[in-house]
Amino acid sequence: MQKGVEDKGKYNFRNNITIDWCPGCGDFGIVSAVTQALSNMKMDPDDVVAVSGIGCSGKTPHYLNIAGVHTLHGRAIPYAVGVKLSNPNLNVLVMGGDGDLLSIGAGHFVGEGRRNSGVKVILYNNSVYGLTKGQAAPTLPLGEKVKSLARPNIMGKINPITLAMASGYSFVARAFSSEIKQLSYIIERAIKHEGSAVIEVLQPCPTYNDVNTLDWYRQRVYKLEDDKSWDPVVNKKEEDEEKFDTGYRKSLEWGDHIPIGIFYENNTIPSYTNRLAGIVPEYLKYPPALQEVADKDGYTIVDPIKTFSEKDVE
Amino acid sequence: MQKGVEDKGKYNFRNNITIDWCPGCGDFGIVSAVTQALSNMKMDPDDVVAVSGIGCSGKTPHYLNIAGVHTLHGRAIPYAVGVKLSNPNLNVLVMGGDGDLLSIGAGHFVGEGRRNSGVKVILYNNSVYGLTKGQAAPTLPLGEKVKSLARPNIMGKINPITLAMASGYSFVARAFSSEIKQLSYIIERAIKHEGSAVIEVLQPCPTYNDVNTLDWYRQRVYKLEDDKSWDPVVNKKEEDEEKFDTGYRKSLEWGDHIPIGIFYENNTIPSYTNRLAGIVPEYLKYPPALQEVADKDGYTIVDPIKTFSEKDVE
Amino acid sequence: MQETDINLLVGGPQGGGIDSAANMISMAFSLAGYNIYGIREFHSNIKGRHSYIHFRIMHERPKSLKYPVDIMVALDPDTLFEHMFDVAKGSKVVYDSAFNTFNLKNARMITSDTMGRIQDELAEKNLSFDVKGVLDYFKSTGIDVIAIPFDKLINENVHDGPANRYYNTLGAGTTLALLGLDEEHADDGIKFAFKKKPKVVESNIKVIRAAYDYVEKSPLKVATLPTYPAIPRMLLTGNDATALGKLMGGLRFQTYYPITPASDESTLLESHEDMKFLQNADKIVNKAGLVVVQCEDELSAINMANGAALTGTRSATATSGPGFSLMAEGIGYAGMTEIPVVITFYQRGGPSTGLPTRNGQADLLFALNTGHGEFPKMVISSGDMEECIYDGMKSLNYAQRYQMPVIHLIDKTLANTMDLVPEIDVKKVKIVKYNENTNHENFKRYSLDTENGISPYGVFGKDIFWMTGDEHDELGHVTEDSAMRDKMMEKRMQKLVTADREIPLEDKAVLYGDENADITYVTWGSQKSLLIDTISELKKQGISANLLYLRMFEPFPAEYVAKVLKNSHLIIDVESNMTGQAAKVIRMFTGINIENFILKYNGRHMTLDEVLKSTKNIMEKKTALEVLQEGS
Amino acid sequence: MQETDINLLVGGPQGGGIDSAANMISMAFSLAGYNIYGIREFHSNIKGRHSYIHFRIMHERPKSLKYPVDIMVALDPDTLFEHMFDVAKGSKVVYDSAFNTFNLKNARMITSDTMGRIQDELAEKNLSFDVKGVLDYFKSTGIDVIAIPFDKLINENVHDGPANRYYNTLGAGTTLALLGLDEEHADDGIKFAFKKKPKVVESNIKVIRAAYDYVEKSPLKVATLPTYPAIPRMLLTGNDATALGKLMGGLRFQTYYPITPASDESTLLESHEDMKFLQNADKIVNKAGLVVVQCEDELSAINMANGAALTGTRSATATSGPGFSLMAEGIGYAGMTEIPVVITFYQRGGPSTGLPTRNGQADLLFALNTGHGEFPKMVISSGDMEECIYDGMKSLNYAQRYQMPVIHLIDKTLANTMDLVPEIDVKKVKIVKYNENTNHENFKRYSLDTENGISPYGVFGKDIFWMTGDEHDELGHVTEDSAMRDKMMEKRMQKLVTADREIPLEDKAVLYGDENADITYVTWGSQKSLLIDTISELKKQGISANLLYLRMFEPFPAEYVAKVLKNSHLIIDVESNMTGQAAKVIRMFTGINIENFILKYNGRHMTLDEVLKSTKNIMEKKTALEVLQEGS
Ligand SMILES: Cc1ncc(C[n+]2csc(CCOP(=O)(O)OP(=O)(O)O)c2C)c(N)n1
Ligand SMILES: Cc1ncc(C[n+]2csc(CCOP(=O)(O)OP(=O)(O)O)c2C)c(N)n1
Ligand code: SF4
Ligand code: SF4
Ligand SMILES: [Mg+2]
Ligand SMILES: [Mg+2]
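Chains as they are written, first to last, in the working numbering: chain E, 174 to 487; chain L, 174 to 487; chain D, 4 to 635; chain Y, 4 to 635.
Chain E with its partners taken away, still in its complex shape:
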């Protein structure tokens, strides 16, 4: 805990590594929002970790001045969960493309909904596979033809919000990479939320996606919170059925009007770390990462016979 702690609010969460995204890429906005959120929260840089998959999106951790791991295509979530469960004190941000998280990584995306271990998934939705030159991502609608495709898209589209809700995530939101303030606010809220979060970020890819452009989104997005009555937060179990349904129906809206904001936040579902704390004594205080495994002479501290006493024949 040695860096920038003197004046955390001023810590520079953006490092000096050259960003090699295309000019106009929506990913720039996401980096800004993340660094803003961390600054706003006066986060200790040692307490937050960035985990990404492979894709243009996957490069993000290298641009942040916090520890980061740029993992394998589709596997960011398992890495993030490994980090989180071995040290629940860390705030773990997952950065992944729509291909990364919803195609090759879809199994983990669903699995993490069940676990709800407390990682925050930022899903870069550009509707294409950026880094491999513009193939259809699972978020591209059936029949749509972006310029990099030889023929209109032959696959249907996944709505990340409905999939996240069906999988069990307790915090589900959508943002737009050019609405940096809202995105940064949502990230803060997600970090403060105990369970796992999915934040879908609509993100123009000017190089390959000539349909869902910056302007296309600008003309369509509107903020959920602009409706003062919008309240997606479940604090009591009884509220869940209705709020889940409202959020779910809202998330199906697409086309001329695209809602952005928080769709659903359920504070009544315990996170995996808290579930574990019910089984492993003092897990939250002495998680795996903070334990000593050897005595001062370097020998094991585990008593094999007492631990596995049922195997003992005497």
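There could be a bad hint or two in this list.
Stated by the list, open to error - Covered stretches of chain E (chain L as the covering partner; in silico rule of three or more C-beta atoms under 8 Å from a C-beta of chain L):
| # | segment |
| --- | --- |
| 1 | 326-335 |
| 2 | 397-406 |
What the hints assert, rightly or not - The calculated EDC-like cross-link candidates involving lysine to aspartate or glutamate, where the alpha carbons are at most 16 Å apart (straight line), are:
| # | chain 1 | residue 1 | chain 2 | residue 2 |
| --- | --- | --- | --- | --- |
| 3 | D | K279 | E | E465 |
| 4 | D | K490 | Y | D116 |
| 5 | Y | K220 | Y | E186 |
| 6 | L | K318 | L | D404 |
| 7 | D | K436 | E | E483 |
| 8 | D | K279 | E | E455 |
| 9 | D | K194 | E | E483 |
| 10 | Y | K616 | Y | E493 |
| 11 | Y | K199 | L | D476 |
| 12 | L | K484 | Y | E426 |
| 13 | Y | K431 | Y | E389 |
| 14 | D | K433 | E | D476 |
| 15 | Y | K69 | Y | E633 |
| 16 | Y | K290 | L | D476 |
| 17 | Y | K200 | Y | D190 |
| 18 | D | K569 | D | E598 |
| 19 | D | K200 | D | D190 |
| 20 | D | K430 | E | D220 |
Unchecked claim - Chain Y is faced by these chain D residues, among others (derived, beta-carbon under 10 Å):
| # | residue |
| --- | --- |
| 21 | N48 |
| 22 | Y336 |
| 23 | M339 |
| 24 | E377 |
In short, the hints are calculated from the structure, not lab data. Backbone N, C-alpha and C define an ideal beta-carbon position, used for all residues, glycine too.
Here the structure of chain E is known, so what remains is to put chains L, D and Y with the ligands in place on it, guided by the hints.
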């Protein structure tokens, strides 16, 4: 097309291989329903193929008197799609456990929703991993302790119906292994449906699941079609929003009353095979499996220069 | 007096209580001061198909199994048919007299191929296709056939629940009585087996009584066996021993996806997340616990274990062939980014789903060459309980020290071997920690300023650094600079040279037996103790043999292996696979071509008798390749 | 007169038009009757990072590339810095005069490591850290530095769109003019490159005019090159050639998940799902089409391809290292259940994500040993365009004939090599069909009634049979019978023996050059043509060398390889990896230890000059291991 065609209605779809499921296993009911459906439809045995994953459920194809492939854990869907897209004339049934399809195979389960290639997925839901001795399956609710678990389940549960709907399947139903007639009817309906189907089958596992027993289900299940006004079929695009929502909400019902029947059938989404037919000329009539690839002397029939004319430098 | 040496087989339907029968017998003998050694064989099936335990009881600790068995207990008729060839003159066969009327065609759980072979044999001997036929077969061979009226004996003596609940106890009791074990010890076995259930103990002891009574009154009565003072031991399988070793070695995070025969290790750990501590542990540490995560698949399992290692936690996963196949990419990532992670790899019969519950040693070359591209990893292998324990500890140490994935190979035979382990030395292996980072200011996770290739390790929560599976610079950022690429490749691979230098030879390869011998066996894994027994047996017969036993395949002790083999005469490679994979590895690293093989790939454990017989055939130059076929 | 032999390098930012510039140049020369041979190098980045094409132009078909290049065209300042060492006395460097004021510190896309090395070099020579500095560096070495006023020339001549749209054409035009190619052919090149866009052609031809004009009026003017009659050829990359071969070979179902450098093959096929037919095809067949499926991941890709094969369809997938790592389990399934499937494996720089857009040959051992357990599979490798085509066809034939997965290795260098292929022989390879089933009544898919191990193939829709990755009986049902298990293992593995017997040696290994030579190179993959050139070059210098070129690794032509190598003197293994994997395979199968290596693992293509130089070092016994380092 040589077997049983003389009198298809009398073809025996159950072969003489010894079934090695435990006494009382719900899987027996599923086999009965499948063979009944095929008999009822007077299906030509050469026209239907069974594809399974690994698990107790995965053994099913060996017990059926049709061609069958018992694939890898979690991979039944890709195999089935390979069969279907290379020969769209075949009816392809997928048999998989809840672990197989919703845990290790969840990525394919979601992916197939987007493709909607026309395979029919029968999901054996016993809430446990039968063949590996009773670990929690993704359908087991949080905190539930079946007898094979050392501690209450630490993971949340996936509702196969909501996940199937969020993934894009155009036919989604639930059945119960002891309601063989209804299940057989649903299988017939699914086979007749153009797109891909998911049929979740609630199935007791007397060996490992002592919570969701035969009786437990008997006391809770009720049939959707008993409500005469229940109509889950979308024949016009306009009906979709409402029927999707009704089906979705219904599927969330669980506990004392568990609905079984068809939740959603959308006939307005073209299947992948029909989408392909729009691109590859005469695909449905001359699919890959029915093409000759060599001339009578055994040489290629493809003209490489005309086919790749853009590479030709003259 | 000849030393007690009993080979025993208990068979019955999967899920039908043969485990408890075997357990009672083991416990009774253990408490009578004997050692036992057993291997379980079963189908990939939950209930009904044939399953058995083959074991051996001696005062000395046995190291191998033998056919024919001295006594076979059949808890169902299938056992009589399935093991027709596993008994011989002098053997005793115990079964329920109710089976007498059983017809072979009703044995629906016997697969058609096996059925065919049984029928062929009966037909050849002109015997009927039923229990009577097989019993005649036994009798004609000089086997003692002992029918016990199961229902009658039980119904006359206990009235708590249906008779079939006690079949296994009666089977066990009869066996113990027939072997001449003191009834008192039989009772002790029951008490131990049903520890926490006094009512159950009571009824079962009545059944034991009935069994002893029946035998005593019959002409079957035998002399009482000697008993010995029982020393404290742990009854462990290879799965148990490895779990125990890993936990002692500092494991605090284990991931898994269920799979036979690996998941027993993880489920055991899962039920011991709150471990117990030795005196040397201070108070804070006493609050520690282990986290075991059942993942959504093996892709998740390996990558989650990798992730946990990033916080400084000692982490591991355990799997078998199909799961390991899915881990190749994650292992490559650990190699590239220098993550200390352990993959305990329980080999079973492959390829593909193969023989999921049977033995195999056919994953060596895959383990050695797994993952695309070139990256450092270690591959070690264990051959007995003690090795499972201490290699379990060492695997974590190696991972920490060399910052690379460590693949620990164990085969299904060893995983399912039951053995009484007398003593666990908690000070045998010291815990090694990773090379700690001291420069927190400008931390170079992949510092090139190292001769042995080992850079300071980085820990999330303590240091800021980056990691990527792309080629990277010292800070961990992506680079495509051609010179940096070469340096990083060389730094990573250098660690294998370092490991090879630092690790003592005895952890890599060991020569058992005399240095100069007529025969040199080469093996790895569970054949270790079997071949040590083989050597003793041959010695008794005046034949000198030794064993080059391999424990580490990467880094491979090429020089030592070459030295030993160049001095050898008749070299025989013994493996449970079809292509002699260890011999291939030896040739790849030394150029030496081994020409004689004893191989087994039918999925069953090797036994002493078949290895001896094959050795003779090879010695007599009848053949250079012996394929072993014993086992049902 | 000396034969034209031009080595050329065009560099610029990724996505900044260097592909079109290279294309125009290639087309112009092609249409002037020349042959071209080029290799693309680029970062794993979409826009901005440094990228270049290195090519060679000759009338004869070139087979290798050389440094230093004769002319380098810099479309951005980075190119000048990145390739400081790739030009030498006599080279020409063409660049935009606007770069003159550019400071190195603004070259933000140059990675810090590369930057460091450039700065070190400039500092050592006491030069400034800017374009001026590097130009001084060039001049001091005797390099011709040619500044072209890009904006001025364009703005004076075209008014359709911004000037930078024409930078690449101007770069290409200047190059062509400087090389002395007829302007008419330059115009033809433009017309060809922009085929369907007459307005674009018009503007670009104006730019060409401006370039020629400028050069003509300058002191740079050179003599006109001869031109030749242009014969029809196809300009193919390895990706294209393989796609074409597979389609000719009967491929009708291809699956893929996007990955560099494999997916270009699949996307090309995807845009040709409606292929064109030869005269010999009858009418029904003319309606046929290919299905290409973009899958959700590589697990799906391999298993879906396996699934498609079950209907009798010829199916394949294509991938690179990370994807292949995920396919291990599916390949094992194909091996176990005897599915004919082709996996075209494009190797790139590993391990892990590695150098995604760079070359590598480090996946050989993984391909050979992939998947748990023992199952038959074939591993073949191609080394040039013709092999890509015909091996593409053969890979499908092998799969059909032997009912097993066939892994076809191609490296990134070959995949991204551009070559003009003069003729495609549609009758060179006959199409082989699987062993058809004739007994539909009681179909034994895995009939043991076969000597060569090949049972009749089953087709869904025509036959009723079963398949399982578990061990199975002849019908395809699960069995755990120990005897059936052995028979099935033996039947499956027998197919490899059959393949080895049936396939001619020339498809496995070829010796190029004289049988007796002082030096014997051993290689595989894209070094093939480079080493054939090397041999000619050495011959000119009076040194005799030959090449043992490997095409098939499983079944491995051990006997032949041993025979060749036993007669060799100085053996040098040449591979694009760090551990000499082919040499390891050779030792594993023959015991022969190769002791000299020329290896390259920085991800860049090998060039003639560096191989020659290293060979000399080895001949002079300066070293036994040469690590090549050329390339930016
Ligand atoms: C196992 C594996 N398969 C394929 C790839 C190639 N690959 C790299 S990035 C990428 C897709 C990127 O798309 P997305 O996840 O949407 O990220 P984006 O670039 O759009 O941010 C793919 C398929 C890989 N690296 N690993
Ligand atoms: C890759 C892989 N991992 C693990 C296994 C082990 N395995 C066999 S069946 C099974 C789970 C079975 O559960 P489910 O899919 O619910 O089927 P059920 O037995 O309940 O019908 C597992 C994990 C395997 N065969 N392959
Ligand atoms: S390709 Fe698209 S997503 Fe990738 S950096 Fe460029 S604009 Fe961004
Ligand atoms: S374990 Fe359960 S699911 Fe499997 S066969 Fe037995 S009862 Fe059926
Ligand atoms: Mg994307
Ligand atoms: Mg299940």
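Worksheet item: Can you list which hints this structure breaks, lowest number first?
Response: The structure breaks hints 2, 6, 7, 10, 11 and 20; every other hint is satisfied.
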